[in-house]
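These are the residues of each chain, in order.
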Amino acid sequence: MATQRRTGGDISVTAASHIVLVIWSFIVIVPFAWALVASTKTTREIFGDPWSLPADPQWQNFESAWDNNVGEYLLNSVIVVSGGVVLTMLLGSMVAYVLARYPFPGNRFIFYLFASGMMFPVFLALVPLFFVVKSLGMLSTYHGLILVYTAYSLPFTVFFMHAFFRTLPTSVAEAAVIDGASHSNVFFWVMLPMAKPGLLSIAIFNILGQWNQFVLPQFLSPDKPLLTQAVASLLSNQRYRADWGTVFAFLAIAMIPVIVAYLAFYRQVQSGLTSGTLK
Amino acid sequence: MQHGKYRFIVGFLVAPLALYAVFVISPFVQTFYYSFTNWTGISPEFDYVGFDNFEFLWKDDLFREAFFNNLVLLIGLPVFTVLLALLFAFLLNVGGTGAGVRGITGNGFYKLAFFMPQVLSVPVIAVIWSVIFSPESEGLANSFLGWLGLGPYDWLASPDMALYCVLWVLVWGSVGFYLVLFNAAMSSVPRDIFEAAFIDGASRLSTFVRVTMPLLWDTIQTSWVYLAILALDAYALVFVMTIGPGGPDNSTQVMALRIAQEGFQNGKAGYASAMGVVLFFLTLIIAAVLLRATRRERIEY
Amino acid sequence: MNAPRPYPRRVFLRRAGLSALAVSGGSFLASCASGGSEDDGERSGGGQEQTSENPFGVDAADPLHVVIFNGGYGEEYAKFHEELYTTQFTDAQIEHEAITDVRQQMQPLFNAGNPPDVLDNAGAEKLPISTLADTGQLTDLTDLWDTESIGFDGMTVRDTLHPIAIESAEYAEKPLVMNYALQVYGLWYDRALFDEKGWEPAETWSDFMALCEQIMSDGMAPMAHQGKYPYYIQQVIIDMAVKHGGHEVVYAIDSLEPDAWQNDSIRMAAEAILEIKNGGYMMEGTEGLDHIQSQTRWNEHKAAFIPSGSWLENEQASVAPAGFATTVAPTPMLDGAALPFDCTRVEAAEAFIVPAQAANQAGGLEYLRIMLSKEGAAKFTELTMAPTVVNDSAEGIDASPGLASSLALIESGGDNNWNYYYPIWYSPMDPKIQTAVGELAAGRISADEFCDRCQEAADETAEDPATQQRSRP
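Residue numbers (numbering that gives the first Met the number 0), protein chains in the order written: chain Y, 0 to 278; chain P, 0 to 300; chain E, 0 to 472.
Next comes chain Y alone, as it looks inside the complex:
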């Protein structure tokens, strides 16, 4: 492995890099931290004195959030999103893989069919969707929401995983085929593991997207509310009753599972990054 002497140019590049990165870190962390601190303030402090710390941390905001069923909503969201993301990644990669690696008549059509699903404003389709879900008897159920979430996450997942599968080297797959592996074996045991970094990043994005989704459950699950749906309701309710402290407490609670999931996945992505050469 060749080595290079550390040059002056090297150091200044590094320094400049750090400066840029630090600036962006600041831009990114400050708003986030503000939201967290706001969960301990009173409404008056949040808007009257936005940039100072609270005089008296209002931990009762969290109690108030708990009394407003934040625990139940949290559980509902966790169940639905876990199921939804698993199913999405499974079905999405299956479709993306087939479309990326197997030419057949109708391949491009099916790809565009999925991709075009992203191009339509979802809230227009809500009323017909409501009736479809209702006729299947799936309103306000976990499985109903999971299936709908999966269906609406497929376009994005297929679109991105398609790109990932296309960047994978064909050599390894060919070798496996020569060894006598079936198509599905190649997929599950060779290609999927190779696409792990892609899978993980798309999975993270799906977790986020599904977690933060509130329009679909508002219409389809009024009796089994999800956390973000409750937050969105609270936010729109603020026109009538100013209780921002509780809203931000809800938000802080809502952030936690996502951060946990990211940290858990992130170490996986990180190890993917340093694994380097593929055999």
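Worth double-checking, as some hints may not be accurate.
Stated by the list, open to error - Once the Cα atoms are required to be at most 20 Å apart in a straight line, the calculated SDA-like pairs of lysine to any residue come out as:
| no. | chain 1 | residue 1 | chain 2 | residue 2 |
| --- | --- | --- | --- | --- |
| 1 | E | 431 | P | 216 |
| 2 | Y | 133 | P | 17 |
| 3 | P | 4 | Y | 179 |
| 4 | E | 173 | E | 142 |
| 5 | E | 431 | E | 461 |
| 6 | P | 4 | Y | 171 |
| 7 | E | 276 | P | 135 |
| 8 | E | 373 | E | 86 |
| 9 | E | 431 | P | 135 |
| 10 | Y | 133 | E | 108 |
| 11 | Y | 195 | P | 216 |
| 12 | E | 301 | P | 142 |
| 13 | E | 301 | E | 199 |
By construction, these hints were calculated from the structure, which means they are not laboratory data.
Chain Y is already provided as a structure; the job is to place chains P and E on it using the hints.
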């Protein structure tokens, strides 16, 4: 040729396609149908009106203004997001000192921090930034610029600045994810390739431009298209953050907001569906054009 | 990669095929959904003997579905009303829902033809009421108006209601909407602060300017407004115009008469707002603040006046410091005003409807009658500190400053008080007017331009064939 190739293809496609057809395609198609009616959205009764909605849409000034605002976002969002994400990916992976291709120290911290905006949902982001962009001189943005001797500015209250504030927040909220994505794509590239370029004496920058980017091209292209779609569909952020919403003076009016306003507040769901259909075809055309224009040969290795 | 092919066209053709399929499928759905939705004049529910205690013949065995908007007024009052209902109709099952997303949850019910029996249609996600009225989806309330009221001997329900409630209920001369709460608009201030400083709300324009000067020199901004929602400052403009030119000003606007917005009174009111803005009397940065932010500043005495309605006190209850006395002042009179100082816009809001397709219309009507009873109305005011449309229902209640001053203004204004309806009647027009108001209040356009833009919006609405034209008086 392997056996059972078509059986495999069908087997893998049946379940997802069925799910998709029932929950996505069927409602969308019904919406297409509604665009030819005068459905109010709150009644099971309505009449077929042919292309009336589309004719009206053609003359709708407000929709046209919204369209042009979306164009601004369409250009700005992908450009700035991809550039920033690539820049950070570059710095994080190649900006380090020392031997070979090394990431920068503090790598882990940066990657974690940059991802944080993704964790917040859109209405929350909108609230936070509207407080930062407060036109009062004690607002965060204004007091910060005040130290530099600039401002104070009206930000979201100014018809000239508001749209760019919206663009900024969209970029801010998107960079984190694309950074993760580009990092992941880069990690699929075997390290040997980078090392080889270095041995050949390439500088970090030219390695990045000549080696990394082409290998990432599929991902960049996909990201570009997706960001373009986001720009055309921007709704929640505009709704919560802007004056009016859509203002001041329609400067932040966007097509998706028009659809929501006509469909939900004005009882014109048929008309809104027509707008949705137009938006859909617009998006399809733009996506197709972008995919074509950025197409390159797949690099096999 | 295959050779390039015209994908979009191929996809489009296939999609056209799908659409054809969908059209036939869609019409099937429509025919399914629209079965039995005609309002044939027969009232659903009821069937019991109609007596003076039970004028609609309500059957206690029929369930009642009540949906309340859980916003500024909460839902406690509704629970009380439901208790009154079950006291009279023992064993009646009431399904009570208090929600904030009215549209999200009600839209599917209306489309499926089984809406609730009573709906409190309010909030940011309310259903467009004029559309409901125009498509025959609301029950005619005439019988309710003609019935004997509960708690006011010898008076019909109509007799007990404030005239503005009667007026605002009507669509095509039929009462279809029961607006329950009265909302008083004006300039709000802290009575305690004004007493301390020796200030008084000004009656004439020149006095108002002098007062602003005085407030400024004391280090406070005379006025703030909710810049993010121009609806609030718009109130002030129209109020001053009506006070100057009389009720005809809004009659013309509501009737979409040509040149309604070019009225001199409106121009003068626009000039007045510009005077405030250009004189530096508007709180700095107010154009970018939403209602909570600006009202919070006002609670902190950063501004003396803020335009709003009588919900303000309740809305800021958790924010206002102790001793803050939310009080309403009428807008000042411009030179040559036709109406006296002591009157203002009084709106009947919080719309309660009984959908035409409800399963228990009779029960719904009876429930409304209970809401309008002396006891029912008094409870609402007691719980929310807001006046109802029922006259004298607030007797004996220990009124907060906000409520007391609102009631006083309703009283003193009498017939001079007015209301206007164009935001509800012509909902596409309102956002355009608000946009113009926003520009005016920020001082970016002149009064003439303001009138021109509003007139343009009104003319567009008048020419749109989809607009249902209505007229006043």
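Quick rundown of the hints versus the structure:
no.	hint	result
1	E:431 / P:216	violated, 45 Å
2	Y:133 / P:17	holds, 17 Å
3	P:4 / Y:179	holds, 14 Å
4	E:173 / E:142	holds, 11 Å
5	E:431 / E:461	holds, 14 Å
6	P:4 / Y:171	holds, 18 Å
7	E:276 / P:135	holds, 15 Å
8	E:373 / E:86	holds, 16 Å
9	E:431 / P:135	violated, 26 Å
10	Y:133 / E:108	holds, 11 Å
11	Y:195 / P:216	holds, 18 Å
12	E:301 / P:142	holds, 18 Å
13	E:301 / E:199	holds, 18 Å
Going through the hint list in order, the structure does not satisfy hints 1 and 9.
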